[in-house]
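Got two chains here, each in a separate frame; can you build the complex from them with the hints?
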Amino acid sequence: MSASPRRILAGVLTLTTALAVSACAGGGGTEADGNTLTMMVPLFGTAPDPKGEMHQAVEKLAGKKLAITWTPNAEYNEKTNVVLASDSIPDVMVIQDNKSPSFVQAAKAGAFWDLTDKLDKYPNLKPKSEQAWINSKTDGRNYGIYRVRALLRSAIVLRKDWLDKLDLEPPQTTDDLYEIAKAFTERDPDGNGKKDTYGLILPKWPSTNFSASNPYNVIDVWFGTPNNYGMRDGKLVPEFDVPEFWEAQKYIKRFIDEGLVNPDWATLDTGKWNDPFVQGKGGIIIDVNVRAGELFDDFKELDPETYDEKVAMAGNLSRPDGKKFSYPFTGYNGIVAVSKQRVRTEQQLDDVLKTLDKLASKEGSILLNNGIEGRNFKVEDGYAVKVNDQDPAMKVINNDVEFAFIQLGMTSSVGVAGEAYEWMRPSQAEKDWLKQRDELMNLDLQTAVHDPSLPVISETAVQRGATLNPIPTDARIKYLAGDLTEEQFRAEVKRWYDSGGTQTLAELQAGMVKTGG
Amino acid sequence: MATDLAPPATKAASKDKRPDRLPVRTALLRYRWLYLMLIPGLVYFALFKYLPMYGLTIAFQDFVPFLGYSGSPWVGFKHFENLFTGPDFGRLLFNTLFLALLTAVFVFPAPIIVALLLNELRIGVYKRFVQSLIYIPHFLSWTIVFSLTYLLFSVDFGLVAGWIHSLTGGGAKVDYLAQPEWFRPLVILQLLWKTSGWGTIIYLAALAGVDPNLYEAARMDGAGRRRQFWHVTLPAIRPTIVVMAILTSGNLLDQSFEQIWLLTNSLNRSVADVFDTFVYYVGVQQGGYSYATAVGLFKGVAGVILIFGCNWLAKRLGQRGLF
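Just so you know, the sequences run in chain order A and B.
For the first sequence, our numbering assigns the number 1 to the initial residue and increments by one for each residue that follows.
For the second sequence, our numbering assigns the number 1 to the initial residue and increments by one for each residue that follows.
Just chain B, with the same shape it has in the complex (with noise of 0.2 Å):
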């Protein structure tokens, strides 16, 4: 089954005990090919993955470039003392964290549901085609998609902005770009028309590889198409559902730089200002290196913890977890 992660040499093994372990040596000289394999993507994730972590350590230097990693001087925790004591830590936290929630609810269950809407097309061809549709959108960048939301949504010209203001009878004309309280739900219309079509792939994965045998059986057994669905698709298809949350529980915080940047303007910024575009204020516009790395830091750590965390809760839960 293509919804299970799990290698088939294991898989096999499960339904009774594990195999007994082989003697390191002995394993590395019967394997030694797949070891051999191994070791490129080894290369890749030390040199491109590890390596650079040791540059997180300006997170604890007052950096400056030319005197280098070696000669800057060591400051300690300063810079996260800064953070957490700073003016700024309290809104860039709620931004970043309400984002996260609305991203949560909003952004992650879409592509689920368009695939099982998508799993239930019966014309082959309409159903590709609807499919490739709705991968375009993952293929433009955050600017394109920006200058299309200002079209749509402009005082001046916006297409939808104009609907609504003739549909709700005139009135003063609302600037949706500008208003904070706008600025949420055009973040995750923008997420949602961006990544739910191209996040389907994975579920009609899934769904591709349930055993037609199951939907016999239960029609056999008088299952309707509800039926066939809360019995059949939506089990065959929670394991991959819950590896997916718990995979993208680690970006929870990580906005999308650009998506949030372009966004912003001197009206919405107490809304906007969210950690990745802090770190850009600070480290990359006034060139303060080491706290921008210390707030990347802070972000990173907690990335982390959550991805444990919904692991063990997936656990809990008495699902398959990641690892």
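So here's chain A without its partners, still in its complex pose (with noise of 0.2 Å):
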């Protein structure tokens, strides 16, 4: 009761600033209140009941009542910029593509709290990782705490069952890569007489950006090229513009002219990507060290007893000089956002960041990405191993965390477990290749080559994107096809220049000097 001045404060605000945005729309929105925090959140399941188990127990953990709108992730992006648009910004959100104009916009206009300099008070929400708050950062800013991924996640993934019986090893460099895929292709390696198999599986990649963590680039940094902008004699150059970009497109185009990889690399959808690689036709896709694991998930299905014979992974390659240069990532996905709107001051904002440290420390981690310990899990070996999964209480629990909360974590999730336990794998060649992907992501992380563009964004790049980004990616595939020849390529590439690229590269230098990138 204590509470009802501050009530009827509230409300009378509610009210005279819902007559302020009739007359001005987008200028306003109620403030928030103590008590409760607002969120908006993605969604890959069914939204958690607020009266369920993880719920309460999250909200018990935050020490606040939490509003939660669970947003489906498919159509996550437009419902943001709704939501932007609109009057009722939720005090914290969940920002997936904080480099979309209508988020930058919506930032440089004020709608979101810039945290470049407010984390150091937080233990649990100060940046561990120095890349990927560069990374994250939004034309030189940080408008919110970054969601933690695993920085370096480029891999091979082969068929082991092919190697051993063709008595190879996994790959070390580009040259070793081109051996095996022969090898597959060549010398029968499932043994049916036939030659009816190949080595590399590449994909149509659905985005039209270059710059789009796709097999192509993987090959093209590790023969030296930058990876998306790369400064060059002081001056930034784009990846397909540099003497080892020409290396790489005759290292691929040897594998596509002498059959080496799947005859519908042009067109094979990626979401059927792991199809041939199961079904026995191609032996190696290079892609994230976590599709390993589906694959693992794949065989399990179609043969429980030898599945953990047919998957083999290797890390990033070097090339033939030998030196070594490695594919990151960017080590976050989205950001979590505090909107201006409703939480006004300082001392608001405070109490806001201390609840989110609250659900980045190590409890709120396992919480948030494997649920209430002794209720739905316990641990054995630090790993966590489900309890009762048939029981319906302990589904629910389950869908909740997977599919719902771990999307609030922001020091672990998906891929990185952080302080919370990684899920336990039940066979040793799973257990091995966990171990396995953990030391070569700290091995590859040592030859990783970043993006220096990233936290830099140009206008030109957002009006002519649409003109401009095809036109590399596009002429890669045709020159690699055998539609163009390097001549015509180069051609495609002075177009860029001449269509916005040199602009582009202006402008992303001019604010990578200004951020001091």
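I should point out that these hints are in silico values taken from the structure, not numbers from a laboratory.
Using N, Cα and C, we set each Cβ at its ideal position, and we do this for glycine too.
Misleading hints may appear alongside valid ones.
Cβ-Cβ distance ranges computed for the label pairs, FRET-style [what the hints assert, rightly or not]:
id, chain 1, residue 1, chain 2, residue 2, range
1, A, Gly45, B, Arg91, 39 to 47 Å
2, A, Asp438, B, Ser147, 33 to 41 Å
3, A, Lys79, B, Phe139, 42 to 50 Å
4, B, Leu34, A, Pro72, 38 to 46 Å
Here it is as structure tokens:
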């Protein structure tokens, strides 16, 4: 009852702001109430019940009531725009694409708190990875706390049984990979007497952006190109305009010309990428390391007896002269931003950040990633093991964790256990794989080539992206397919420069100088 | 007659003069229940069709969601200028128009032909069976249609691609899904497969409405099947064809976004890019809402012009127009 004068004040405020809002849309919104935190978070399944065990446990830990608007992931970015345009921005909001024009514009117009210099006081929110902190900047500023992901996830997944049959070792160099692909194609690795296999499986990449974490980008970087953009002799250059790039293209083209890749490499849907691997048509995938886990699961469905003999993994490769460059990822997936409309004073911000700090603590990480210890899981050898997972109540908790609350994780999340527990994998092969995954990650991080342009945004790239992006992307595929000669490819690169590429580079470089990148 | 879209009242009256108009108030009072029933429809159109058009104003702004409709700066025709002078416009227009032309020539007549063929079937059970069968593709999503296309035409394991390859005596395999020259034929094939069955419904309804006496009279005059077809069946469904043609013309520039988007890849993008996919790239992927809206608005205006043009043309050719 002691809160009633505040309530009245809040009510009056609501009314007056509502009037102000109707007079001038986009200007107001109501102020946050100290006891409840409103949030918007992506959802991958069904929304957790606010009275459910998980929600209650998270509220208890946070010490606040949480009003969470769970929004299906498929429409999350769309909904984000709608929310940004409305007067009902929640206190705390997960922003999945913090480089999207609508978020950039909103942040610059003062919709969210600039947290660049504000996190030092909070032990769990203080950025642990300098690189992810830089990568998650929006035009030089951090408008939120990044949600951690592995900083290096690139890897090569191979058919282990094929390697064993042909007496081959996982690759260390680009030449090794070529030899393996050739052997997979020509030396009948499945032993059926027919030449019906190929080495590398390449899919059609859905994005028209040139730098899109696809296998081609990974191979480019192995050969020493910049990752998206890089400084050469004091000038910013794109990945596709350095001598190493042409080395990489000749390397990839050899695979295609000699039939060491799937014939439908230009059209295969990324959703069907695993199929040829599991069906025994192709034997190599260059992608993220978690794909090995997916493939373990696929093979397990097919044959639970032998599935652990089918998947091998290798890290990034060194190029012919022995130098090694590794392809990193951004180290984060979206940010958690705090609304300036709802959370108005420094004091209120401090209150919200303290709550988020609790969610990011060790205790919070375990809760958001694994669930309620001793209820839906227990700990064995440092791994989390599900308890009674057929019990309906446990199923609810597990679903709430896996498809909803894990999305609130800032210091631990999908693929990065952080201070939470890794889930137990049953077979020794999978345990070995998890260990190898972490080892490779740390090893390859030492040679990682980061994209220095990530914290900066180029106005031209945004405005002319629909025209600019496909130029080099399509030219590469056309060159590899033999539709373009190298000269014609270089002419396309020139067209990219002339259509706005030069301007993009200038803007990015100026931005990088400004932010000290 | 089912072919006649005009309400019976005017039809009866059209034999002589139109009846004198009633004063508005008397009309309102006399037909009050009819007018009352009209209200939900009007509200629907106002709310869901006309009100959202307010959003078109962002084509003339540099729209920022956070600033909203009233806060975003006005920029006049900037986005239209960018569109018309941009490097993509010519290609987009050509691809869109070319596909529209192919659709008009190949896809529009398909249901008419199928309906006429079905009409000639005399075994009722078989006719209904075939009818139901050819409706099925209409209910499949474009994603499934694309998957089927992939299974049939993939260079790796495509069934049809394999047949053609062995029939033409080997040689280099053709990647139908990736080569620009095969893009348009595939789009038309998919459209034919998916839409021609469903499209027969309206023509079959028209055909069912043909007065049997006309056929009888024609037979009495010694007309064979072919003559009956030319002089009874075809004239009977002509008004329906004209109305459908006018209605379709408004949508000619709308390619099915999903269909095109799924078939597009780096190798065939030069022929695949149409206004609909461009709007998606610009608006949804790049966040250029204003620019995308300008493109969409341009397309909408072109559609309206087409529909009025076709209506005018139909009237000039002595047919009854749509309005």
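Exercise for the section: Check each numbered hint from earlier against the structure, then list the numbers of those it violates in ascending order. Expected result: Hint 3 is the one this structure does not satisfy, whereas the remaining hints hold.
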